[in-house]
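Engineer: Protein chains in written order, with the working numbering: chain A, 1 to 483; chain B, 1 to 448.
It cannot be assumed that every hint is accurate.
To be verified - On the chain A side, residues computed to face chain B include the following (Cβ under 10 Å):
#1 37
#2 39
#3 47
#4 50
#5 60
#6 65
#7 93
#8 264
#9 266
#10 267
#11 272
#12 458
#13 479
#14 480
Unchecked claim - Which residues of chain A face chain B? A partial, calculated answer using Cβ under 7 Å:
#15 41
#16 48
#17 49
#18 67
#19 95
#20 122
#21 143
#22 187
#23 394
#24 395
#25 403
#26 457
What the hints assert, rightly or not - DSBU-like cross-link-like pairs, simulated, lysine-lysine; straight-line CA separation at most 35 Å:
#27 374/B / 420/A
#28 317/B / 13/B
#29 380/A / 283/A
#30 211/A / 374/B
#31 211/A / 317/B
No lab work stands behind these hints: they were computed from the structure. Remember, it's a predicted structure, so these values are computed and weren't measured experimentally. The beta carbon of each residue, even a glycine, is placed where N, CA and C say it ideally should be.
Listed below, chain by chain, are the residues.
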Amino acid sequence: MEFEALAARGLDTATMRGAHYADIRCEVARSERIEVRNGVVATLADGTSTGFGVRALVDGAWGFAGSADVSDAGVDAAAARAVAIARASAAIARRRIGTPPAQAYVDVFVTPMLRDPADVPLGQRVALLLDAERLLHSAPEIAVGRAWLDLWRADKYFYSTAGSRIAQQIRQTGSGIEAMAIGNDDVQIRTYPGDVGLYQSGGWEIVEAAKLLEDAPRIAHEAAALLRAPQCPIGTFDVILGGSQMSLQIHESCGHPAELDRVMGWEANFSGTSFLEIDQLGKLKYGSDHITIVVDNALEHGMATCGYDDEGTQSVTSDIVRDGVLAGYEMSNDTAATIGRQSNACVRADGWESVPMIRMCNLNLLPGSVPFEHLFDDVKDGVYMESNRSWSIDDRRLNFQFGCEMGWEIKNGKRGRLLKNPTYAGMTPQFWNACDAVADARSWFAWGTPNCGKGEPMQTGRTTQAAAPARFRNVSVGVGYGA
Amino acid sequence: MPSAGDGAAGREKLAAYVLSLSTADQTEVLVSASDRALTRFTHEMSNQNVAASDAGVSVRAILGGRTGVAQTNRLDEPSLRDVVERAVAMARLAPDDPLVPVLPPGAPAQTPAGAYDPATAQADADVRARMCDAIFREAENAGYWSAGFAATSSAGLTVANTSGALASFDGTDAGVNVKMNAADSTGYGESYSATLRAIDPGAAGRTAVEKARTSAAPLAVDPGAWTVILDPPAFGELFVYLADHFSAQSFDEGSSFCSGGLDRSYFSENVTVRDDYAHPLAPGMPFDYEGQPTQRLALVENGVVRTVVTDGYYAKKLDRPNTGHALPAPNAYGPQPRSLVVDGGDKSVHQLISETKRGLLITRFWYIRTVDRKRAIVTGMTRDGTFLIEDGRIARGVRNMRFNDSIVDLLGRCEFSREQARTGGYHYSLVAPSAKITGFNFTSTTEF
Numbered sequence: 001m002e003f004e005a006l007a008a009r010g011l012d013t014a015t016m017r018g019a020h021y022a023d024i025r026c027e028v029a030r031s032e033r034i035e036v037r038n039g040v041v042a043t044l045a046d047g048t049s050t051g052f053g054v055r056a057l058v059d060g061a062w063g064f065a066g067s068a069d070v071s072d073a074g075v076d077a078a079a080a081r082a083v084a085i086a087r088a089s090a091a092i093a094r095r096r097i098g099t100p101p102a103q104a105y106v107d108v109f110v111t112p113m114l115r116d117p118a119d120v121p122l123g124q125r126v127a128l129l130l131d132a133e134r135l136l137h138s139a140p141e142i143a144v145g146r147a148w149l150d151l152w153r154a155d156k157y158f159y160s161t162a163g164s165r166i167a168q169q170i171r172q173t174g175s176g177i178e179a180m181a182i183g184n185d186d187v188q189i190r191t192y193p194g195d196v197g198l199y200q201s202g203g204w205e206i207v208e209a210a211k212l213l214e215d216a217p218r219i220a221h222e223a224a225a226l227l228r229a230p231q232c233p234i235g236t237f238d239v240i241l242g243g244s245q246m247s248l249q250i251h252e253s254c255g256h257p258a259e260l261d262r263v264m265g266w267e268a269n270f271s272g273t274s275f276l277e278i279d280q281l282g283k284l285k286y287g288s289d290h291i292t293i294v295v296d297n298a299l300e301h302g303m304a305t306c307g308y309d310d311e312g313t314q315s316v317t318s319d320i321v322r323d324g325v326l327a328g329y330e331m332s333n334d335t336a337a338t339i340g341r342q343s344n345a346c347v348r349a350d351g352w353e354s355v356p357m358i359r360m361c362n363l364n365l366l367p368g369s370v371p372f373e374h375l376f377d378d379v380k381d382g383v384y385m386e387s388n389r390s391w392s393i394d395d396r397r398l399n400f401q402f403g404c405e406m407g408w409e410i411k412n413g414k415r416g417r418l419l420k421n422p423t424y425a426g427m428t429p430q431f432w433n434a435c436d437a438v439a440d441a442r443s444w445f446a447w448g449t450p451n452c453g454k455g456e457p458m459q460t461g462r463t464t465q466a467a468a469p470a471r472f473r474n475v476s477v478g479v480g481y482g483a
Numbered sequence: 001m002p003s004a005g006d007g008a009a010g011r012e013k014l015a016a017y018v019l020s021l022s023t024a025d026q027t028e029v030l031v032s033a034s035d036r037a038l039t040r041f042t043h044e045m046s047n048q049n050v051a052a053s054d055a056g057v058s059v060r061a062i063l064g065g066r067t068g069v070a071q072t073n074r075l076d077e078p079s080l081r082d083v084v085e086r087a088v089a090m091a092r093l094a095p096d097d098p099l100v101p102v103l104p105p106g107a108p109a110q111t112p113a114g115a116y117d118p119a120t121a122q123a124d125a126d127v128r129a130r131m132c133d134a135i136f137r138e139a140e141n142a143g144y145w146s147a148g149f150a151a152t153s154s155a156g157l158t159v160a161n162t163s164g165a166l167a168s169f170d171g172t173d174a175g176v177n178v179k180m181n182a183a184d185s186t187g188y189g190e191s192y193s194a195t196l197r198a199i200d201p202g203a204a205g206r207t208a209v210e211k212a213r214t215s216a217a218p219l220a221v222d223p224g225a226w227t228v229i230l231d232p233p234a235f236g237e238l239f240v241y242l243a244d245h246f247s248a249q250s251f252d253e254g255s256s257f258c259s260g261g262l263d264r265s266y267f268s269e270n271v272t273v274r275d276d277y278a279h280p281l282a283p284g285m286p287f288d289y290e291g292q293p294t295q296r297l298a299l300v301e302n303g304v305v306r307t308v309v310t311d312g313y314y315a316k317k318l319d320r321p322n323t324g325h326a327l328p329a330p331n332a333y334g335p336q337p338r339s340l341v342v343d344g345g346d347k348s349v350h351q352l353i354s355e356t357k358r359g360l361l362i363t364r365f366w367y368i369r370t371v372d373r374k375r376a377i378v379t380g381m382t383r384d385g386t387f388l389i390e391d392g393r394i395a396r397g398v399r400n401m402r403f404n405d406s407i408v409d410l411l412g413r414c415e416f417s418r419e420q421a422r423t424g425g426y427h428y429s430l431v432a433p434s435a436k437i438t439g440f441n442f443t444s445t446t447e448f
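Build out the structure end to end from the sequences listed, making use of the hints.
Structural biologist: Shown next as C-alpha cells:
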C-alpha cells in the first residue's frame, strides 16, 4: 500500500492545527497463527490489520490518535484528534515534555531472511505441526500436546515533520511444542525450545532451526519423567541456570528496571518503578564483574532488530551494565533528554493503533569464558534449572521468585537426578553479584520473548535476551513448596 | 457497502453481506467496531494520551469438520471477498475434526440495563483531562505525586452465522486508576463502571492519598502465616487466577483443581461464585462469540463446585449444555467465564477489620503467577498500601511482602464483606467483595 500521500496529508493537518512537531506511522501487519492441540487444529488463522497512528506535540504535551480509516477524511480526523488530545494534555500539565528526534533519516530496512514462510505451502506448515504434536504422545502420560507456529510481517512507514521517511519490513517467526503430563495427582509441563518456543526475526529458517520433530519425543518423556521425579529440595544451594532461563532473568531483573520511563515514574501505576535510580548511574554495583549487558538492536535474529525505532531514531548499541556497574538505560527522546543523553532507539509500538513507548529491545548478557560443561566443575551441592514456568518480581524489580520446568541435582561437580518443581528466589543486585561464571559464546543464543506486557493501554512487546548459561552461588531454592 | 461504524444496524448489514459471499458449509461472521481512549498521567502531566478507532471482520469457515478463520480491518468489497476466500482456503487445508459442532442458531438475548451510556461513548480528551486534573489536585493538596489513568471507550460486536444466529451488543466503559506516591509509601484507588457518571476521580484520588499517608514509614514485619483482609482489587487479582479452572477445557483435560469431579465441596461454605453478565456493577454482553445466549451460572454454591462453562465444541465433546461462553474463534483456551461475581457475606469491611486481633490489610497485589497449576499455588507481591491491623484497628503501614499459597486452600478459610466492587479495569472484569482469609502464607519481604 502506498502511504506517501496519506502521510503528507496527515502531517499537514497536524501542523495546520497547531502541532510544533508531528509524525505518522503507517502499518500493514499480517499475522498467521496455527496451533495444534491433541491432534486437532485448534487455530488456523490469518489476519491483516492496516492503519496509522499520528503523534502530535503541542505546547510541550503529546497527543496520539490511531485510525484504520485510510481515507482522506480518516487521516484528517485522526490528525485533528491527535492535536486536540495534545491540547487537552497541555491544559492540565504541570510540567512540559516533548523532544522531537535529533536527526531526520530517509532510509529502508528489511529483515534478513533466508526463506520467506509464504513460500512454504500452508499444507506443509500445518503438517509439520500435526507431526510434531503427534510425536509428543510417544509417552502415555501426555494428556495435552500442543504445537504452534506464528508468522508475523509488518510493513511500517514512518514520516515526520522533521523530514524523516523510513520504510521497514520486519519479519518475525516463532514455533514451539509443549507436552502436559498428568498423573499422580500432578501436572507437569515441558516446553521446547526454551519456555515459549523459538521466536526470532527472520523467515522459515527459524522454524527449521527449532527442530520440533527431532526433539518432540524427548520433551514428552521429560514431562512424563517429571511426574515421577523427587521434589526439588528447599535450602541454600549453588545454582546453574540454563540459557533460556538466563534470558528470563535478564528480562525481568535488568531489562525492565533499566527502562528509563519506569525509572522516572511513567509506569508507576501499572508496571511499577525501578531500583535503578538515576543518581546510581555509573556507581551502582549491579552485578559481579562477569556481568556486561548491552542493547544491540542490530543483533542477528533479534526480535527487536530493525533499522529505526518507532520515533525514527537509528538503532545503536549501548551499555546498560558494564563489568557489573550500571552504565545506562533503555531510552526514548523525551526521557534521554532529562539525563542529558541521546536516545538509544528503544521505542516501539505494538501496532499502528498504539503509541510508541520505551520497550526492552535486544538486551544481551555478553558471554563469558567458561565452557558450559565446566560450570559444574566446582559445584559441590547445587541445582541446575532449565526452562521457565513461573516468574514474579516486585514493582521496583528487587524481590523475585522464578520457577523452572525442570531441575537436576548437582553433587560434587556432576549433574545427577532429575528434580521437579525447582524454584529460586532472591533480591536482584545481590543475586547478580553472586554470579561467578558465565558460559562462553558456544552456548550463547538469542532467546526471543514474544509476549512482554507494558503500558496502558497495555502493549505486547517482542524482545530478545541473548544469553549463555551462568552460575550463581548461595541461592535460596525451593521457595513456594515449603509451606 | 454497509459500514461497521453505523452502529448495530450497520454491523448487521455488513455481516449479512459477508455471509452471502461464503461458499462454506457453515460460516460465522464477527463484525466489531471500537473507539478507545486513555489519558495516562504521571507527576501531574499526561505522558500517554491516546485514542484509537478500529473496525474489523472475522470469518470462520467450516467445510465438514474442517475450520479456517481469517480476519481483516479493511472493509472495502475486495478486502471482504479476500477475507472470506482466505478463511475457506484455510479450512480446505485443515484436518477433519469430528467434534466441530453445528453452529448455534442463536436466540434472543437481552442486553442488561446500563451496559451502554451515550455520554461515555462521546467523552472526549477534555473530559478525561478534567478527570485527571481532579486527581492532580488531590495529589498536590497532599504533597504527593500521582500516576494513573482516566479511560473511556465504546465497542460494538455483531455475531451472525449460517444457522441463523444474529446477535448484536454495544457497550461502554470508563475508569480511573491512581497510585499516589509519597516519600516512602504509596497508595492506590480505582473506580470502574460502564457509565462515566458513576466514576468519581477525586474520590479515587483521596482513597489513594489516604492509603499513602497511612502507610508512611512502613515497618518490616516477619513473613509467615497471617490473617489478611484483601481489598477487592487484591482479592480480584488473586481470584482471577482460578478463572480458567472453571473452563470445560481445563476440566476435561485434567488440569483443573475440580477435574476430580463436580458437585463436590472444594471451598468454605462462604464461597459462592457466579458468572453473571447482568450484574449491575458490570453489565456486559448477553451472548458469546458464537452468538449463543450466555447463561447466568452459579459456578460455586456454598463451597460446592456445580458446573464449568462450555461452548459449542465442549458442549458436544462432553455432552453437556452449551452455556454460551465461547471466546472468539480461533482460540486454544476453550470456553471461559467472562463476568465473574463473588458473592458478598453478611459483615461490613469495618467489622471484618474490627474482629481481627492481628493481621494485615492488603490493598493490591502485583505480578501474581502460577507456581503449581493443579494445586492452584500462586506467588505474588503486595503493593501500594499494606497495613498492620492490631486489636481491630489499622495500626500502621508495613513493607511489602511475597506470598506463596494455593487459591483453593485459601478459599477454604475465608469470609467476605457484604460490600462489593468491580475491579480488574480493562484487563478483566470481576465483581468482588473484600475477603478475610486466615493462614495466608508470606515467604519473604522486600526493601520498601
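Engineer: Checking hints one by one. Is residue 458/A an interface residue toward chain B, by the C-beta closer than 10 Å rule?
Structural biologist: Hint holds; residue 458/A Cβ to chain B Cβ min 7 Å, cut 10 Å.
Engineer: Holds or violated: residue 317/B and residue 13/B, Cα atoms, limit 35 Å.
Structural biologist: Between residue 317/B and residue 13/B the Cα gap is close to 33 Å, so the pair holds against 35 Å.
Engineer: Can the hint on residue 403/A be confirmed by a CB-to-CB distance to chain B that is less than 7 Å?
Structural biologist: holds, 6 Å
Engineer: Given a cut of 7 Å on the nearest C-beta pair, is the interface hint for residue 395/A held or broken against chain B?
Structural biologist: At about 5 Å, which falls below the 7 Å cut-off, the nearest Cβ of chain B leaves the hint on residue 395/A intact, so it holds.
Engineer: Against chain B, with CB atoms and a cut of 7 Å, does the hint on residue 457/A hold up?
Structural biologist: Where the cut-off is 7 Å and the nearest Cβ of chain B is about 5 Å from residue 457/A, the hint holds.
Engineer: Does residue 93/A pass the interface check with chain B, least Cβ-Cβ distance below 10 Å?
Structural biologist: holds, 4 Å
Engineer: Is the hint on residue 122/A kept, meaning its closest Cβ partner in chain B is under 7 Å away?
Structural biologist: holds, 5 Å
Engineer: Against chain B, with CB atoms and a cut of 10 Å, does the hint on residue 60/A hold up?
Structural biologist: Holds. Min distance 9 Å.
Engineer: Go through the hint on residue 264/A and say holds or violated, using the shortest Cβ distance to chain B against 10 Å.
Structural biologist: holds, 8 Å
Engineer: Verify the interface restraint on residue 39/A: the C-beta must sit less than 10 Å from at least one C-beta of chain B.
Structural biologist: Nearest chain B Cβ about 8 Å off; hint holds.
Engineer: Interface hint check: residue 394/A, Cβ to nearest Cβ on chain B, cutoff 7 Å. Holds or violated?
Structural biologist: holds, 4 Å
Engineer: Sort out whether residue 420/A lies within 35 Å of residue 374/B, counting only the CA atoms.
Structural biologist: holds, 14 Å
No hint from the list above goes unmet by this structure.
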